Amino acid sequence: MGVEERDREKDKWACIDYIVKRTVKFRERKATLLDKIDEITLNPVVNLAIAFVLLYSIFISFLRIGHIFLTEGLIGKYIFAQQTFYDVWIHRIFDNTPLYEILVGNTNQGYLYSFGLLTTGLYIALGVVLPAIFIFYAWLTILEDIGYLPRLTMLADTVLSKIGMSGTAIVPTILGIGCNVPGMAASRIMDGSRQRFILATVLAIAVPCTAQLSVAFRVIGGMFGLKYLFFLFLILIFLYGIIGLVLDKLMGGKSSRLSEELIAEIPPYRRPMLRNTLSKLGMRMRSFFFGALPWVIVGVLIVNVLYLSGVLDILETLIGPFLTFWLGIPEEMVGALIIGFLRKDVAIAFFALIPDLTAWQALTGVVILMIYFPCVATFVIMLKELGLLNMLKSTALMLVVAFVVGGALHGFSLLFEIF
Amino acid sequence: MKIFLAGNPNVGKSVLFNRLTSTTVRTHAFVSNYPGTTVDYFVSSTEIKGKKVEVIDLPGVYSLRSTNEAEEVALKILKDCGTEDVVINVIDATRMRNGLFLTLDLIERGYPLVIAVNMMDMAEKRGIEIDLNTLESIMQVPVVGTVAIKGEGIDKLIMRIEEKKVGNIEELVNGCRGKG
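From first to last, the protein sequence lines stand for chains A and B. Oh and the first sequence: position 299 is 299 in the working numbering, straight run, nothing missing. Oh and the second sequence: position 5 is 1005 in the working numbering, straight run, nothing missing.
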């Protein structure tokens, strides 16, 4: 900003102060309930406590309502399972047809591992991902309409400004946990291309979407216990910080804190208008349903074609030996990692089929899968948002980080003999 | 005619947009809140007093300095604003100081303006009194108080759209100088 511009801005603020003085009066009055809540929650310690309680509630509702009730209890039991009306129907139509392998696959292994378009494809898209996205967006929309997000932004600013972003980045990050696509799209709210690049990169590397999480829940949590899930989160949070820090230093750190003016006037809490909240939730769901979900199914299709045509086998033999040496993972996992280029959730699901897989190997595999490449849909948005050059830079970084972290986890296991 | 809704994030622009268009929103993306979730914006066609109008909900911004993409997008969309059109500047009554910076930017760029001071009920509850008449005489553009969420003041706002005015930034800034 030039001197002239700065003077101009000073003039404007002086003018605003004059106008406010003439037109706005503060009167003594009793504090309302919302005010009291407001005042209490502006305290950083309380604010932090609330943030944790909220995160925990979101996590629990994912698990209880999304996963256990909707996915396993309802959709995975009455539609996408053996001997249901749907199962009988697709078998009657497609059994012994040429499309059987691609559309149905092997339903004896359960719908998560059948790898057919109409079985695994639809089950993951509608049964696993959609309920999780619904829960997530419901939380987000409510918190947004109550006026909680600005407070979270303010809270996040102190931490995020240390890794080259303003607190604003917390909203795209949270969106990214739902689905990386809207998170990535929201990255344009960041000030300047530098902050945007940092955010997009940490999003792609360290923020797993609900699709990945829900399958990680099933595979890692289900097979080896919650302990490993927490460990997974710790690694991802650590990566989020360290990559931001490094990028900030590399790209010439300059203060990214929110301006005082914005922090000074945080909007009050308010009662949301039900119709507005519902219509927003509806729009989000619709936009995910038509914008991102088709890519999930296209992903399954591509994987199926590559698998059936033998291309995956060739890739596996080519890169396999290096990957097993460097990452200490079993050979069977290499194929899953390659599939992960297209479909992370399918790849994670593949892990469950590998015999004698140790918890540490599964963890290493899941971490690498989450880091090294976003899903096809995210990739498309990233290209659109960052441009080709920055997208390639970001991708190169992802591969490097994946190999470093994977190698480190392997080294860690050799050193401390954890398997 | 086009109606552009401009304001900070979180001032109830999307609610006002819903009120003005009142039919279902035809769109490809969603509107949102604080340092927003996306800079996509809503456009909707509707009829106001028998006239066809297009209502455009700009992304929430704090200024028009194009320091971020939302501001760039807002500026780009506002390029279509002709003398026939109007910009409704939505200000949160509880955060006047923040909102007015954008108002000055809008006046500086010479858009035909109407100011809607929204969330008057929230201000009332918090003991904030706003003198809308004085504000109007200082800004030299129509000012209307609204409670978009309850639909209050919307009719008045629609009535006064025709009175839109291009303000004079030099007069305004000079007028304030030395009086602060």
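It should be emphasised that the hints constitute simulated quantities derived from the structure, not laboratory data. These numbers come from a predicted model, not from an experiment. Take these hints with a grain of salt, some might be off.
Claimed, not checked - Pairs of lysine-lysine, DSSO-like flavour, derived with a Cα cap of 27 Å:
#, chain 1, residue 1, chain 2, residue 2
1, A, K36, B, K1150
2, B, K1051, B, K1002
3, B, K1002, A, K21
4, B, K1079, A, K21
5, B, K1079, B, K1165
6, A, K30, B, K1125
7, B, K1002, A, K25
8, B, K1076, A, K10
9, B, K1150, B, K1079
10, A, K36, B, K1125
11, B, K1076, A, K30
12, B, K1125, A, K25
13, A, K384, B, K1079
14, A, K384, B, K1164
15, B, K1076, B, K1150
16, A, K249, A, K393
17, B, K1156, A, K25
18, B, K1049, A, K21
19, B, K1125, A, K10
20, B, K1049, B, K1079
21, B, K1156, A, K21
22, B, K1002, B, K1125
Hints versus structure:
Simply put, K36 of chain A and K1150 of chain B have alpha-carbon atoms about 23 Å apart, close enough for the 27 Å limit, and the pair holds. For the hint linking K1051 of chain B to K1002 of chain B, the alpha-carbon distance of about 11 Å falls within 27 Å, and the restraint holds. At most 27 Å may separate the alpha-carbon atoms for a hinted pair to count; K1002 of chain B and K21 of chain A exceed this at roughly 33 Å. A distance of roughly 33 Å separates the Cα atoms of K1079 of chain B and K21 of chain A; the hinted pair therefore is violated under the 27 Å criterion.
As the CA atoms of K1079 of chain B and K1165 of chain B are separated by approximately 17 Å, the hinted pair is consistent with the 27 Å bound. With a CA separation close to 9 Å, the supplied pair K30 of chain A and K1125 of chain B stays within the 27 Å bound. Among the hinted pairs, K1002 of chain B with K25 of chain A is inconsistent with the structure: their alpha-carbon atoms are about 34 Å apart, more than 27 Å. For the hint linking K1076 of chain B to K10 of chain A, the alpha-carbon distance of about 26 Å falls within 27 Å, and the restraint holds.
As the CA atoms of K1150 of chain B and K1079 of chain B are separated by approximately 32 Å, the hinted pair breaks the 27 Å bound. Restraint check for K36 of chain A and K1125 of chain B: satisfied, since their Cα atoms lie roughly 13 Å apart, inside the 27 Å limit. With a C-alpha separation of about 45 Å, the suggested pair K1076 of chain B and K30 of chain A falls outside the 27 Å cut-off, and the hint is violated. With a CA separation close to 13 Å, the supplied pair K1125 of chain B and K25 of chain A stays within the 27 Å bound.
Of the supplied pair hints, the one linking K384 of chain A and K1079 of chain B holds, its CA atoms being roughly 23 Å apart against a limit of 27 Å. About 38 Å separates the Cα atoms of K384 of chain A and K1164 of chain B, which puts this hinted pair outside 27 Å; it is violated. For the hint pairing K1076 of chain B with K1150 of chain B, the CA-to-CA distance comes to about 31 Å; that exceeds 27 Å, so the pair is violated. A distance of roughly 16 Å separates the Cα atoms of K249 of chain A and K393 of chain A; the hinted pair therefore holds under the 27 Å criterion.
The hinted pair formed by K1156 of chain B and K25 of chain A meets the criterion: a straight-line CA distance of about 24 Å does not exceed 27 Å. Between K1049 of chain B and K21 of chain A the CA atoms are separated by roughly 37 Å; this puts the pair beyond 27 Å, and the hint is violated. Between K1125 of chain B and K10 of chain A the alpha-carbon distance is near 32 Å, which puts this suggested pair outside the 27 Å criterion. For the hint pairing K1049 of chain B with K1079 of chain B, the CA-to-CA distance comes to about 25 Å; that is within 27 Å, so the pair holds.
Using a Cα cut-off of 27 Å, the hinted pair K1156 of chain B and K21 of chain A holds, with the two alpha carbons roughly 26 Å apart. The suggested pairing of K1002 of chain B with K1125 of chain B is violated, with an alpha-carbon distance near 34 Å, which exceeds 27 Å.
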